[in-house]
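Undergrad: This is what each chain is made of:
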Amino acid sequence: MAVFVQRIRRVDFQKYGAVFALIVLFALSAILSPYFLQYQNLVNILRQVSYTGIIALGMTFIIIAGGIDLSVGSMVAIVGAILVVAINWLLPVFQSELLVILAVAALALILGFAGGAMNGVMVTKGRIAPFIVTLGTMAIFRSLTLYFGNAGEFRSKSEMFGNLGMGSYLYMPIPVWVMLVLAVLMNAALNNTRYGRYICAVGSNSRVAMFSAISVDRVRFFTYVITGVVVGVSSFLLTARFNAVSSTNVGMGFELDAIAAVIVGGTTLSGGRGTIWGTIIGAVILGIINNMLNMIGISPYLQGTVKGLVIIGAVYIQRQRA
Amino acid sequence: MGNTLVRAENIGKSFSSVPVLQNINLEIRRGEILGVIGENGAGKSTLMKILSGIYTPSSGSVFFEGAKAEIRKPIDAKRIGISIIPQEFNLIKDLSVYDNIFLGSELVQKSRLLNKSLMKARTAELLKALEITIPPEARIENLSAAQKQMVEICKALAFDSKLLIMDEPTTVLTHYEIEVLFKLMRRLRDRGMTIVYISHKLKEVKAVCDRVVILRDGLLIDDRPITEITLPEMAERMVGRALNQIFPPKNQPDERVALEVKGVTVPGVLSDISFQVHRGEVLGFAGLMGAGRTEIAETLIGIRKPVAGEITLEGQRVDVRGTRDAVRHGLSYLSEDRQGSGVITGFTVTQNTTLVSLPRYSGAAFGLIAKKKEREAAGRYQKMFNIKTPSLDTRLEYLSGGNQQKVSLSKSIDTLPKILIADEPTRGIDVLAKTEIYQLIHSLAAQGIACLFISSELEEVIGMCHRVIVMKDGKITGILEGDQINEAEIMFYATGIRETRG
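So the protein lines, in turn, are chains A and B. According to numbering that gives the first Met the number 0, the stretch in the first sequence is residues 0 to 321, in order. According to numbering that gives the first Met the number 0, the stretch in the second sequence is residues 0 to 501, in order.
Think of the hints as simulated: they come from the structure by calculation, not from any bench. Glycine included, every Cβ here is placed at the ideal spot set by N, Cα and C. Some clues are possibly wrong.
SDA-like cross-link-like pairs, simulated, lysine to any residue; straight-line CA separation at most 20 Å [stated by the list, open to error]:
#: 1; chain 1: B; residue 1: Lys72; chain 2: A; residue 2: Met209
#: 2; chain 1: B; residue 1: Lys304; chain 2: A; residue 2: Arg318
#: 3; chain 1: B; residue 1: Lys371; chain 2: A; residue 2: Arg193
#: 4; chain 1: B; residue 1: Lys371; chain 2: B; residue 2: Pro389
#: 5; chain 1: B; residue 1: Lys161; chain 2: B; residue 2: Ala68
#: 6; chain 1: B; residue 1: Lys147; chain 2: B; residue 2: Glu435
#: 7; chain 1: B; residue 1: Lys371; chain 2: A; residue 2: Lys124
#: 8; chain 1: B; residue 1: Lys72; chain 2: B; residue 2: Glu87
#: 9; chain 1: B; residue 1: Lys200; chain 2: B; residue 2: Phe158
#: 10; chain 1: B; residue 1: Lys370; chain 2: A; residue 2: Asn190
#: 11; chain 1: B; residue 1: Lys433; chain 2: B; residue 2: Leu187
#: 12; chain 1: A; residue 1: Lys124; chain 2: B; residue 2: Ile302
#: 13; chain 1: A; residue 1: Lys124; chain 2: B; residue 2: Arg320
Pair ranges (Cβ atoms, derived) [what the hints assert, rightly or not]:
#: 14; chain 1: B; residue 1: Arg138; chain 2: A; residue 2: Val183; range: 31 to 41 Å
#: 15; chain 1: A; residue 1: Ser269; chain 2: B; residue 2: Leu415; range: 54 to 64 Å
#: 16; chain 1: B; residue 1: Arg185; chain 2: A; residue 2: Trp276; range: 33 to 43 Å
#: 17; chain 1: B; residue 1: Gly239; chain 2: A; residue 2: Val183; range: 49 to 59 Å
#: 18; chain 1: B; residue 1: Val17; chain 2: A; residue 2: Leu101; range: 55 to 65 Å
#: 19; chain 1: B; residue 1: Leu94; chain 2: A; residue 2: Ser269; range: 15 to 25 Å
#: 20; chain 1: B; residue 1: Arg320; chain 2: A; residue 2: Val183; range: 52 to 62 Å
#: 21; chain 1: A; residue 1: Leu143; chain 2: B; residue 2: Ala364; range: 29 to 39 Å
#: 22; chain 1: A; residue 1: Leu143; chain 2: B; residue 2: Leu94; range: 43 to 53 Å
#: 23; chain 1: B; residue 1: Thr393; chain 2: A; residue 2: Trp276; range: 16 to 26 Å
#: 24; chain 1: A; residue 1: Ser269; chain 2: B; residue 2: Lys371; range: 30 to 40 Å
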């Protein structure tokens, strides 16, 4: 019996702790609010979770490799702003609205790639701590967005773009599908490819990785690039959702949400180990908590407090296990 | 209670239902040096970790000075007077000697400010009593490995330890430093201190211990006064069977030169290094610590950049800019620093085995890993090297040092190297594992692989190598062949008494 309990503690809890938390929370929410289990509410939770969830997937790679990225929220804003400007500029140039949207979709990926590459170069070639690099770019991206938008809104003139943002496919909002597809791909990348193995090696012990003929810098660099690209994806979807970008609000606190999802999902902040599905579950847990706070009428201003406590609590539990 | 300091009764310990210690009954007497020997995974370290509160036993109890002792945490052990000096030192390198000795138990003045002068004075007293010449203000990072160990010992003595446990204390020490340590240990014993000495080096156990206990597969199988057991007996009891010849016969190396190094210089580290190694040759590198042997290895695999000189592999001049280049050119390095640069302890046996050779197990396009192939390879090495592990999916942190070393070696071999640089390949591992590693290196040489064999154990350098390069202060002081390869010759060149350029 003692052995059995020990096993549950060591293996299952560590691996499936987040799943248990999700189940408990789900049950609790269903009991506390009769509206919780309604289809529309559940879909809303998933939609809300998806934008930061997509970013959290990239953040998982970065954190496993031993880094951090605080700039994701501001990057969403600046990429979104540029996308809107590009749409309005391209609409009279191209005949087809669809073509415009495809063009800006590609642009979103390119911009995300560029933003991530910027962070990555400074972290690897510049040898500056990731916390400092991305704290800097967080300020820079936000400030540029505010400056060019005069602290106001970038409004898109494309109706189709807005419809896309509201769209669903097979009863699920498009961003949720995107998140799931990305999760499947990135989960495979993490567990079944050389690159995924190298990410864990670098985060676990970068010196051993270096001695093992792994290009530590290249592995780290691409974690930032991948995150940049998924930020681009998220920004495209979020901009479409509102068909506009508010330079003051968009992407605010996304870094917190993304990092929280990763940590709650069981990835250790010290790097070396983590899972993509854990991150998805972490994101959903945070989504349900927010939803519940709304349902039971707690001020939205207090949501940050709860999120903060959840992050600190999750890391505390990790420490206890280690 | 009489003469008994510690009595362990029926100690057992299991990890996830795998027993690693069973029914251990052990008495440690006041004022003796007790040797504890056994193979990797025999349970030596586990037993000591139980005594020092790092693990709690699954069964049995420990009595200290006749009373039952509840040692649940390291602090409990410290309080009753048990100190352990771990293999990896527990010192803070940026602080001074006295800061480290009083770390966590600082002496303070009335004003709550640190009483530095008193701590310095006490440290000086302690060092003097042990006849150690280290200034109390010296910073740890400026000390040699031997000096750091002395500081660890002082740290234990500063708090009136009655039992001092030393886990493989000599692995990082040179011959001379070991002698100094042994003198100190005897002096401590004569003053009534009890010392438990864990080691793989049977000669040293024989030289310094009063009594020896032997563990095998988690059982205590022998307990004898040191005078009543011979070295071969110890080895046989440990392994559980008669040991054959330790060193395999030397093969005939090939005429062809595998690697030639000419005039390689790394400022402040290596000057004008030149040598050749033939295919199938085991070329030894001897010298004191800091002579530059590991630095040669690091230069060859591209971690250090030479400012002058050239490296030629099978007649082709190569420019190794990093570890990737090294692997591509067929150079493989088995690191001396197992956990620092050899293996990833959070990775499984399989993942470590293929860490360097992963490109061979994964697709070119997406890098998809063929996990079955990977596991099969790891399984082959597990069999070949007799690696003791619950499974191939066990993380390395749960394996003993010797088994970790075997995985590290698997990792180096799996790159199919032409040249293997083995840096202290047998450090901290037991006799059986050692002979296995000697056999393995010999069979690699027989296959035509050139091996650079860096070691501080003269016996194995002499037993294994066709030729021996001796180094001092980043220079080659001698290249020995045939009959010249003996302890005296090597030490002459290593200490600089004699010097010729080969």
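Undergrad: Compare the structure with each hint and give your call.
TA: Results for each hint:
Our distance criterion of 20 Å between C-alpha atoms is broken by Lys72/B and Met209/A, whose separation comes to about 36 Å. Using a Cα cut-off of 20 Å, the hinted pair Lys304/B and Arg318/A is violated, with the two alpha carbons roughly 40 Å apart. Restraint check for Lys371/B and Arg193/A: satisfied, since their Cα atoms lie roughly 14 Å apart, inside the 20 Å limit. For the given pair, Lys371/B sits about 18 Å from Pro389/B by alpha-carbon distance, which is consistent with the 20 Å threshold.
A hinted pair counts as satisfied when its Cα atoms are at most 20 Å apart, and Lys161/B with Ala68/B qualifies at roughly 14 Å. Annotation: proposed proximity of Lys147/B to Glu435/B is violated, straight-line Cα distance about 32 Å (limit 20 Å). With a CA separation close to 37 Å, the supplied pair Lys371/B and Lys124/A exceeds the 20 Å bound. Simply put, Lys72/B and Glu87/B have alpha-carbon atoms about 19 Å apart, close enough for the 20 Å limit, and the pair holds.
With a C-alpha separation of about 29 Å, the suggested pairing of Lys200/B with Phe158/B is violated against the 20 Å cut-off. Restraint check for Lys370/B and Asn190/A: satisfied, since their Cα atoms lie roughly 10 Å apart, inside the 20 Å limit. At roughly 31 Å between alpha-carbon atoms, Lys433/B and Leu187/B are farther apart than 20 Å, so this suggested pair is violated. The straight-line distance between the Cα atoms of Lys124/A and Ile302/B is roughly 17 Å, inside the 20 Å bound, and the hint therefore holds.
Simply put, Lys124/A and Arg320/B have alpha-carbon atoms about 16 Å apart, close enough for the 20 Å limit, and the pair holds. Between Arg138/B and Val183/A the beta carbon distance is about 53 Å. The supplied range of 31 to 41 Å is therefore violated. Taken as a hint, the range 54 to 64 Å is violated for the pair Ser269/A and Leu415/B, whose Cβ atoms sit roughly 34 Å apart. The hint said 33 to 43 Å for the Cβ distance between Arg185/B and Trp276/A, and at roughly 60 Å that hint is violated.
Checking the proposed 49 to 59 Å range against Gly239/B and Val183/A shows it holds: the Cβ atoms sit about 52 Å from each other. Restraint check, Val17/B to Leu101/A: a C-beta distance of roughly 59 Å satisfies the suggested window 55 to 65 Å. Judged by the Cβ atoms, the range 15 to 25 Å given for Leu94/B and Ser269/A holds: they are separated by roughly 24 Å. Taken as a hint, the range 52 to 62 Å is violated for the pair Arg320/B and Val183/A, whose Cβ atoms sit roughly 38 Å apart.
One distance hint, 29 to 39 Å for the beta-carbon pair Leu143/A and Ala364/B, holds here, with the actual separation near 38 Å. Distance hint check: the CB atoms of Leu143/A and Leu94/B are about 45 Å apart, consistent with the given range 43 to 53 Å. Checking the proposed 16 to 26 Å range against Thr393/B and Trp276/A shows it holds: the Cβ atoms sit about 23 Å from each other. Against the hinted window of 30 to 40 Å, the Cβ-Cβ separation of Ser269/A and Lys371/B comes to about 31 Å, which satisfies the hint.
In terms of the numbered hints stated before, the structure departs from hints 1, 2, 6, 7, 9, 11, 14, 15, 16 and 20, listed from lowest to highest.
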